[in-house]
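Positions 1 to 200 (UniProt numbering) are the ones given, in order, by the sequence shown.
There could be a bad hint or two in this list.
What follows is a list of derived Cβ distance ranges for each label pair [stated by the list, open to error]:
| hint | residue 1 | residue 2 | range |
| --- | --- | --- | --- |
| 1 | H108 | S17 | 38 to 48 Å |
| 2 | T143 | G114 | 26 to 36 Å |
| 3 | Q61 | S127 | 23 to 33 Å |
| 4 | E88 | D152 | 15 to 25 Å |
| 5 | T143 | M109 | 18 to 28 Å |
| 6 | L36 | M145 | 20 to 30 Å |
| 7 | E115 | T19 | 41 to 51 Å |
Computed cross-link-like contacts, DSBU-like style, restricted to lysine-lysine with a CA-CA straight-line distance of at most 35 Å [unchecked claim]:
| hint | residue 1 | residue 2 |
| --- | --- | --- |
| 8 | K161 | K55 |
| 9 | K161 | K126 |
| 10 | K126 | K55 |
These are computed hints drawn from the structure, not numbers from a lab.
All C-beta atoms in this analysis are idealised placements derived from N, C-alpha and C, irrespective of residue type, glycine included.
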Amino acid sequence: MVDISCSPTPFLIGVLSGTLPELLELPIEEVLIVDLCGDRFIRQILDEDCILPSKLHAALQQILEQREDILRQEDQTLRDGPGGSLSELISEAFVHFFVELVGHYSLHMGGGNGEPRALCREAFRKSHPSRGARQFLQLFMETQMFAGFIQDRELRRGGVKGLFELRAVEHLESAPEPEPSGVNRFLKGLGSKMKFLQKK
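Between the sequences and the hints, there should be enough to build the whole structure, so can you do that?
See the structure below:
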């Protein structure tokens, strides 16, 4: 299993302390390596702290730091009866992370009427309400991971929806309408004042 760390796929690897000596002898490039037993990074690229949007980084860090409490609760739940597992909780945390970042992609898929579906990339990036997320998306949209994600959505024809799509729909339905900015806010405010004056 350690051999997979040399493939171009992984970007983050969590390993047990016992496998570290073997892993560190392999020719690994640009991969974050985390010692799961020691709760520390073995290898970093040094942009990890500044690349993720701060709110999403904090939310992910909080759930991962709470794993000790979650494990204790899981042990108690196993004694008391069936319940959710730590794996499910961690998976849900990362699904939520990606829903927050790219869950609005469906609003920016063009095509239809015989034309192929395609993402309106710039509109997608600019529509995120968080400035930090927009900056992250500018980098993330150039990755192979994002390209594969979008290609899968462009080729998909309605029908089957996975966990990500279900969570994205829930997120879009619960999200407040975006606040108008700049000139749009001014015009909306002006329109409201005009309506108010007409009522007098």
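Status of each hint after checking the structure:
1. H108 x S17: 38 to 48 Å: holds (44 Å)
2. T143 x G114: 26 to 36 Å: holds (30 Å)
3. Q61 x S127: 23 to 33 Å: holds (26 Å)
4. E88 x D152: 15 to 25 Å: 23 Å Cβ-Cβ, so the 15 to 25 Å window holds.
5. T143 x M109: 18 to 28 Å: holds (19 Å)
6. L36 x M145: 20 to 30 Å: holds (22 Å)
7. E115 x T19: 41 to 51 Å: Because 50 Å falls inside the window, the suggested range holds.
8. K161 x K55: holds (28 Å)
9. K161 x K126: Status holds; Cα separation ~25 Å.
10. K126 x K55: Holds, at roughly 18 Å.
The structure fails none of the hints (numbered hints given earlier).
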